[in-house]
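Novice: Let the sequences and hints guide you as you build the complete structure.
Here is how the chains run, residue by residue.
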Amino acid sequence: MTQFLKGIFADQANAALKMLARLKGNDINADMDKTFLANTIHLLESLYTDVMKIIQSGDLDIPTLASSNIVRYNTFTERLQTIELFRYLVIINYGEPEKYFKKKIARIYKEINCLQSEPIITTISNSENYYWALPSYNIIAVPTGEEKNLLNLPDMYHEIGHLLDKQHRAYFRDDFIPKLSRFYKDEEQRVVDEQRDPKLISFYRDKHASWLNGWIMEFTCDFIATYLVGPAYAYTNLKISTLSSGKDRIYADFPSHPSDEARMRAIFFMLHQLGFGTEVNDINKLWQEFLKNTKNPVPHNYTFIFPQALIEALGQSVLQGCQKIDLFSYPDQLKKFELPISKILNEAWIEVLRNSPNYKVSEEQKILAISKLI
Amino acid sequence: MSDISALSNQYDQLVDTSEKINNSVITFKKQNLLQDAVSKKKYPNLKVSPEEIAQASSFLLLFLVNVFDLLRDEPNAEEKFMPLTVMDDYKTRLRKNVYLDEDLKRLQKNIQEKQQVTDDDLNAMDFLVTTLDTERNNLFRKLKTARG
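Chain order of the listed sequences is A and Z.
If you read the first sequence in this note's numbering, its first letter stands for residue 1, the second for the next number, and so on.
If you read the second sequence in this note's numbering, its first letter stands for residue 1001, the second for the next number, and so on.
One or more of the hints may lead you astray.
EDC-like, lysine to aspartate or glutamate: derived pairs with alpha carbons at most 20 Å apart [unchecked claim]: (1) A:Lys166 / Z:Asp1012; (2) A:Lys207 / Z:Asp1088; (3) Z:Lys1020 / A:Glu194; (4) Z:Lys1040 / A:Glu128; (5) Z:Lys1080 / A:Asp174; (6) A:Lys207 / Z:Glu1051; (7) Z:Lys1042 / A:Glu78; (8) A:Lys199 / Z:Asp1012; (9) Z:Lys1144 / A:Glu128; (10) A:Lys207 / Z:Asp1073; (11) Z:Lys1142 / A:Glu128; (12) Z:Lys1047 / A:Asp61; (13) Z:Lys1142 / A:Glu78; (14) A:Lys199 / Z:Glu1074; (15) Z:Lys1041 / A:Asp174.
For the chain A half of the interface with chain Z, some residues (derived, Cβ under 7 Å), not all of them [said to hold, decoys possible]: (16) Thr64; (17) Ser68; (18) Asn213; (19) Gln365.
These are calculated hints, taken from the structure and not from any lab test.
Think of the CB as a built atom: it goes at the ideal place given N, C-alpha and C, for glycine as much as any other residue.
Specialist: Shown next, in the form of structure tokens:
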């Protein structure tokens, strides 16, 4: 066993060295972000050093440490794969679409007055995994070919929200946390006082935990996206909800994500705060028709999972957070810039709803307009 | 809008706990070996400092308190060791070992009283760690799948 463990640890060190050799070679795209590349090399070197320390420590020669060394090996493997999947592949696949998105995100950050360093936008995602962000690595992934689409782009602002939330979390949620705790504590007390089904207590604790572990973050990013891109974000959410409806998931919650229905209420709340009452009425008519047509089941006790009062309290808190860090809202951008990208996205949605047969041509023209802007 | 941000945070937290517990267990295993003259001679580079033992004891004791809370369904099982989404599954896996409660109480007593840990104690620690390893690996798979 000791010889086997020594062999696989040596193989692990070699895997890190091979990746390092490729990253230090000459075939890396010159436009690749230098800091991202340097940090990736640093992470791989640090992993290599840690693996070598174990190899040289003599621990691998001790049979009684075998099970602990296997756990170490598994952890190193996951660390190596994390670097490979979320950094190495981003660098190796960096090409023309990434160069385009680099300019586009720079423009968006200027328009929204975001002072953070711009993330790397990579096209290593696919249509199923769609848009995702990994704030710890400052990357946003979009599906391959996404540079030719506009209707999904409002979701880029949601992913930007994840990066902002990582840095400014306290601004966005600190006012809200006590209100959330109070709500669920009161509900638990009501179970006791009114002799309701005791199973409700674990139900409330489970939902309270989901709020804390995932839902606050996702709602926060929805609020930020709506603040930054306005009504277009509601339309994009409706588009995504269409996919959920086929799986009866409009009202379903998951530990990491709130239901589509609750998210739409959050978006409407923020739009109201920004003065888009008329737009909310229009989109809400569409949304209500959509709910009627899709007939997705509403879970038992749904009212206690996503109460409107909690959504609004978090919305207020995020709005104040956005203002504190001086982010430019969509209305601000309209005043400060002649043609912000957010405006082009709103126009794209209006166009596809009014004149869908003509949308293909119109989208191409708008993408060209963005290219000229950046 | 994938699950990746939430999963990544949860995974980082679990890696931190898993590494700390595993390192603590390694420290105790080494301490045990050093009590044996044959092993001491066989592995001349083997050493453990009193600080390492103190740190390992302190971390393991904190973790054990949390495991007891978890096994008793106490609502105050602390989230700082692992995400809530993992706790239930970890608990279910631990409960499959019917002697665990007894083994962990003995382990806790030995560490608190600064007694030499026994082979049974080390087996109990290994069980905690390998079960944690499974949870961490499952979460990593979810993270990879979320990325695609």
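Novice: If you draw a straight line from the CA of Lys1047 of chain Z to the CA of Asp61 of chain A, is it 20 Å or shorter?
Specialist: holds (14 Å)
Novice: Taking the closest Cβ pair, is Ser68 of chain A under 7 Å from chain Z?
Specialist: The hint holds - Ser68 of chain A has a Cβ within 7 Å of chain Z, the shortest such distance being about 5 Å.
Novice: Given the hint that Lys1142 of chain Z pairs with Glu128 of chain A, test it: the Cα-Cα distance must not exceed 20 Å.
Specialist: holds (15 Å)
Novice: Run the distance test for Lys1020 of chain Z versus Glu194 of chain A: straight-line Cα separation, threshold 20 Å.
Specialist: Answer violated: Lys1020 of chain Z to Glu194 of chain A is near 45 Å, above 20 Å.
Novice: Within a Cα-Cα threshold of 20 Å, do Lys1142 of chain Z and Glu78 of chain A meet the stated pairing?
Specialist: holds (12 Å)
Novice: Would the pair Lys1042 of chain Z and Glu78 of chain A pass a check requiring their Cα atoms to be no farther apart than 20 Å?
Specialist: violated (32 Å)
Novice: With the threshold set at 20 Å, check whether the alpha-carbon distance from Lys166 of chain A to Asp1012 of chain Z stays at or below it.
Specialist: holds (14 Å)
Novice: Check the hint pairing Lys199 of chain A with Asp1012 of chain Z against an upper bound of 20 Å on the C-alpha distance.
Specialist: violated (32 Å)
Novice: Does Thr64 of chain A pass the interface hint, meaning its C-beta sits closer than 7 Å to a C-beta of chain Z?
Specialist: holds (6 Å)
Novice: Return the status of the interface hint for Gln365 of chain A: holds when the least beta-carbon distance to chain Z is below 7 Å, violated otherwise.
Specialist: Interface hint status for Gln365 of chain A: violated (27 Å vs cutoff 7 Å).
Novice: Assess, step by step, whether the Cα of Lys1041 of chain Z is no farther than 20 Å from the Cα of Asp174 of chain A, and give holds or violated.
Specialist: With a Cα-Cα distance of about 57 Å, the restraint between Lys1041 of chain Z and Asp174 of chain A is violated, given a limit of 20 Å.
Novice: Next pair to validate is Lys199 of chain A with Glu1074 of chain Z; report whether the Cα-Cα distance is within 20 Å.
Specialist: holds (15 Å)
Figure legend: structure checked against the earlier numbered hints; hints not met, in rising order: 3, 4, 6, 7, 8, 15, 19.
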